[in-house]
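Residue numbers (my numbering), protein chains in the order written: chain L, -13 to 239; chain B, 6 to 260; chain F, 28 to 294.
Bear in mind the hints are in silico, worked out from the structure with no lab data behind them. Nothing false has been slipped in among the hints.
Each computed BS3-like pair below joins lysine-lysine, with the alpha-carbon atoms no more than 27 angstroms apart:
id, chain 1, residue 1, chain 2, residue 2
1, B, Lys7, F, Lys171
2, F, Lys162, F, Lys126
3, B, Lys94, F, Lys59
Single-letter residue listing:
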Amino acid sequence: MPERVKPLLLPLAALLAFEAWMRLAAVQSDSLAPPSAVALALAGALTDGSLLTATRDTLASAFAGLALGGAIGLMLGLALGLSHILDRLMEVTIEAVRPIPSVALLPIALIALGFGYRMEITIVSFACVWPVLIMTRSAVGGIEPRLIEVARVLRLTQLDRIRKIVIPAALPRIFLAFRLAAGIALIVAVTVEIAINPLGLGAGIMTAQQALRPDLMLAYLVWIGVTGFVLNTALMAAQTTLFGRAALIGDGA
Amino acid sequence: MKWSVLGWRLASFAVAAGLITLWQFAADQRLISPVFLPGPDRAWASLMRGFTSGDLLTKLAGTLTHMAYGWLLASIVGVALGAMIGSSKTMRAYVAPTLELLRPLPVSAIIPVAIAALGLSQGMALAVIAFGSLWPMLLGTIHGFAAVEPRLYEVARVLHMSRLAVIFKIALPSAAPDILAGMRLSLTVALILAVVCEMLAGLDGLGQWVLLSARSFRSADLFAGVMLLGVIGYVTALAMDAAESRLLRWQAARR
Amino acid sequence: MAEPALALVQSSPSPARAQIAFDNVALTLGGKAIIDTISLEVAAGEILCVVGASGCGKTTALRLAAGLYQPTGGSVRFEGEPMRAPRREIAVVFQDYGKALLPWRTAAGNISLALETIGMRAHQREARAAELLAKVGLAGHAAKYPTEMSGGMQQRLQIARCLAQDPKVLLMDEPFGALDAMTRQGLQDEMLALVASTGATVVFVTHDLEEAIYLGDRVVGLLPHPGRVGLELTIDLPRPRDQLATREQPEFLRLRRALFDFIKASE
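Taking the hints into account, I'd like the entire structure generated from these sequences.
If you want it as structure tokens, here you go:
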């Protein structure tokens, strides 16, 4: 069997079997729909624009949260990576705040900010701070000591040292941090929408479920999966073109 | 050397205490409305009250139970399935690409599907938590089993080791770092999904507690719940650290 | 002159005498001939060294002898029986010791691995592991992980694990190739002493021609593309051998010259 066909076999067989089972057994269900009906619902939601609006809302919140949280994480990460003293002083505080699951902040954000974008963006940014902070800190802290020596021999100012040596050297890992944070941003945004916020893809899938439209619900599920996959693939491609294949080494998550 | 470490720890605690004092000050001066931000004193009092009356303890136990059941189920299924797929080249060729395709799916998106199938029930929460925590473990185990040094399999052949011995003495220890990393990630996922499911389905747990506290504007209770959720996250991470340093002592030797 | 040598190489092996016998062995992998008919015998207790230019299939030949590969033509026999799979009495010392040791087991644990498969009890295993560690000069390192040891120590550990199999044959694939010159010479002498005390047969693959002459009773030179036997030298240097004296003997230098010329011509 040709190598390229093998990966396709399992999903195709599963879809066909599912379709056949739904049709032959004439299953009536509030939670399942045959793949063909899901495809129709997906096409419908795409043409009437509702799915695209929802996607825009979710991605807007996710990216705004990523930008905000990522910026905070980057600043803190740079500061902690550059200053050993600051790093040690902030250790307990960071270790105390970091383990709080992002969704636990949901009720706080809800009473402080109400429903809508602001609340969602706040929670997403809280979730995005940590991966960026931690990976930036370790990237900056782990720069080849020889480069720092070069900077000292060249008598660079502190600012030049950061601009010309530290950031370029740490850039591949910082980009990786942002890529991982982008995945987290999408997950948290969708989760917040499903839990409470009447906005975007998460709210769309909840509405479809409450309206007893399994076809539309599963269409949303598929679409959310596609969104996640496309985002991941695009960022991965960007990383490879920007930093070469070597940048993907040590990329476990 | 020991003393300087201790000194830094103390200084670090002092910074944290300073920040808490700042928070207290902000609350006392009503810089931020007490409806949103209770002082640490009120949050602490609420935490203590919740513990003595037992309310908060029940909720804590609820969340821990949801997490534990879902995570354990996912661990067993994830490691067994991952070992099966990871140790067979054929299985990997057919199955792994599909799993990679599903990897970036935000797992919370299956909550509505689970609600539709199982209703707003404990079973739904268990299914969602187990499904969500399954992925990191499954993918970690597959990777770990696939990355076993082929030379070690040859050593096993030369030594005439049984299939079972190869799994338990070669493959499993070799994959242990990847499996444990997956388990760590799964714990975080399990906590988040437990909270969300409790919020949505009104199940006994801290998720429900914080949401109800917010709805009735009891911000001290809300903060007490959030703090407790942070403690769960911290303690589970600490437990994973302990497990890793015990099981992966040989990796520490490498550094 | 060439006739008798050819006859010797191609002669049908007599199972009674040979412990390991290659009988017209050929191996084709993926449509490419890696080895095209090797016939060779190794007597019990002999130290046979195999040399050759890269691509001559010397490592492949060793893996055939270990039963890790099956020949696509001819047969490999051990004590007259065809090799269908690896056998416990044939131990393999791999070149990449870093990959062949279990990083999650201590030195004692790595030796124990070989003892567990024969169902030895825990306290016996411990005693035997300590004994073997002492034998290879690693007494006192039982609790160390391989990553805490130098390359030379790791290779000693691998040899100790092989000895735990109570092998009749030691197959060694460039075991000292990755080590520095001083460590290598030390290990050569230790290995000779160990082998002399156990009486095991050794097939030793190396790219170091002097090492081959220094260690071997016999040296076989393989020709590349596809691998086949091109030269066979009997080494009549007295034992025990000495790093300085042996290497200065005229006979050593003559053999060295012959082997160099052979490799040069085969490239």
